[in-house]
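Undergrad: Chain V: place on chain W using the hints.
Listed below, chain by chain, are the residues.
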Amino acid sequence: MGGSSPCASCKLLRRRCAKDCIFAPYFPPDDPHKFAIVHKVFGASNVSKMLQELPVQQRADAVGSLVYEANARMRDPVYGCVGAISYLQNQVSQLQMQLAVAQAEILCIQMQQQEPATLPTQLDVPDEKSLLLSTSTFNNLQPYLSFASSSTVMQDPLKRESLWT
Amino acid sequence: MNSKRCAGCKYLRRRCPSNCILSPHFPPNDPQRFACVHKIYGASNVAKMLQQVPVQQRAEAANAMYYEAYCRIKDPVYGCVGTIALLQQQIFDAECQLAKIQAEIAVLNGHHEATHQNQQVNVATSSANFTLESGGEGTFSSTYDPSICQFY
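The listed protein sequences derive, respectively, from chains W and V.
Heads up, the first sequence is in this note's numbering, so the first residue is 1 and it goes up one at a time.
Heads up, the second sequence is in this note's numbering, so the first residue is 1 and it goes up one at a time.
Among the clues, some could well be false.
If you only want the chain W side, here are some residues facing chain V, beta carbon under 8 Å, derived [stated by the list, open to error]: (1) Cys81; (2) Ala84; (3) Ile85; (4) Ala102.
With a straight-line Cα cutoff of 30 Å, these simulated DSS-like cross-link-like pairs (lysine-lysine) come out [to be verified]: (5) V/Lys39 / W/Lys49; (6) W/Lys34 / V/Lys39; (7) V/Lys39 / W/Lys11; (8) V/Lys10 / W/Lys40.
Hints in this document: simulated from the structure, not taken from any laboratory.
Keep in mind that this is a model prediction, so the values were computed, not measured.
C-beta: ideal position from N, C-alpha, C; glycine also.
Looking at chain W on its own, in the form it has when it is part of the complex:
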């Protein structure tokens, strides 16, 4: 038997904590909530199966991500982690737009500064000149304006229905 106390999982499941208990390294007895939440969302046997299919050195990370997902699902029973992903993708899109605009602004400034300071004092043709400037600026902007998200993340975060296709 031995004097060591059972891990949080065996305590919750009310069973003997074996020496080679798969949960013991990751669910210490001083943090019962951690296992409770994972068990509630995934179930002990599913967690055990998932851990068994992983190399030992990756199990700690797997437990960490399972705990995170379980917490997210408790916090948001409808969307869970998907809510966070959607929010973050929205932020990424907004930042990419801001970047594109900022790059365009820099190009504008640089082009204005490259122009010799020879504003006509008698002739007044600012509109045509600024039109030409904006055309060439637009051509330089094409690479910055085509910001596609990485293929590894979800597309169209705001259109939730497209996630499920």
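TA: Just chain V, lined up with the frame of chain W:
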């Protein structure tokens, strides 16, 4: 026996009652969808989680569970948390880049005004708000929930 069993009841080889909670969200023509969620959550947990959610939100909840289960099968170590980490990194990189560019703009504007003080140059500023809530240090926006960021 109901010949049109949902994917869940088909998988579990049981009768599919008319009020089956799984049936609206796991149609028989998509068995892989239920197989995914069952592998990760288990049928009873899926049913329990759906029961805890209002009826009008169950479709979204089932979709979210399917997505998370799918991610977990693809990446058994990190699941969809890997996607979150990737997005957080993208945000960090984009904020750093934006801060650098805004600093460049400030320098260019300052230089330009210093050398052409007699000319009124109006740099076209877009309607987008360039103010970084983070102060350009690469930290996240203050409106983001920090408890979501920390998972280790």
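Undergrad: If a hint holds in the structure, say so; if it does not, say that too.
TA: These are the hints, each one checked on the structure:
Taking 8 Å as the C-beta contact cut-off toward chain V, the hint placing W/Cys81 at the interface holds, the least distance being around 5 Å. Here the hint on W/Ala84 is kept, as its CB sits about 5 Å from the closest CB of chain V, short of 8 Å. About 6 Å separates the beta-carbon of W/Ile85 from the nearest beta-carbon of chain V, less than 8 Å, and the hint is met. A distance limit of 8 Å between C-beta atoms decides the matter here; for W/Ala102 the minimum to chain V is near 4 Å, and the interface restraint holds.
Between V/Lys39 and W/Lys49, the direct Cα distance comes to roughly 10 Å. Compliance with the 30 Å bound is thereby established for this hinted pair. Restraint check: the Cα-Cα separation between W/Lys34 and V/Lys39 comes to about 21 Å, which is no more than 30 Å; the hinted pair holds. Distance restraint check for V/Lys39 and W/Lys11: the Cα-Cα separation of roughly 25 Å lies within the 30 Å cut-off, and the hinted pair is therefore satisfied. A hinted pair counts as satisfied when its Cα atoms are at most 30 Å apart, and V/Lys10 with W/Lys40 qualifies at roughly 25 Å.
Violated hints are absent here; each numbered hint is respected by the structure.
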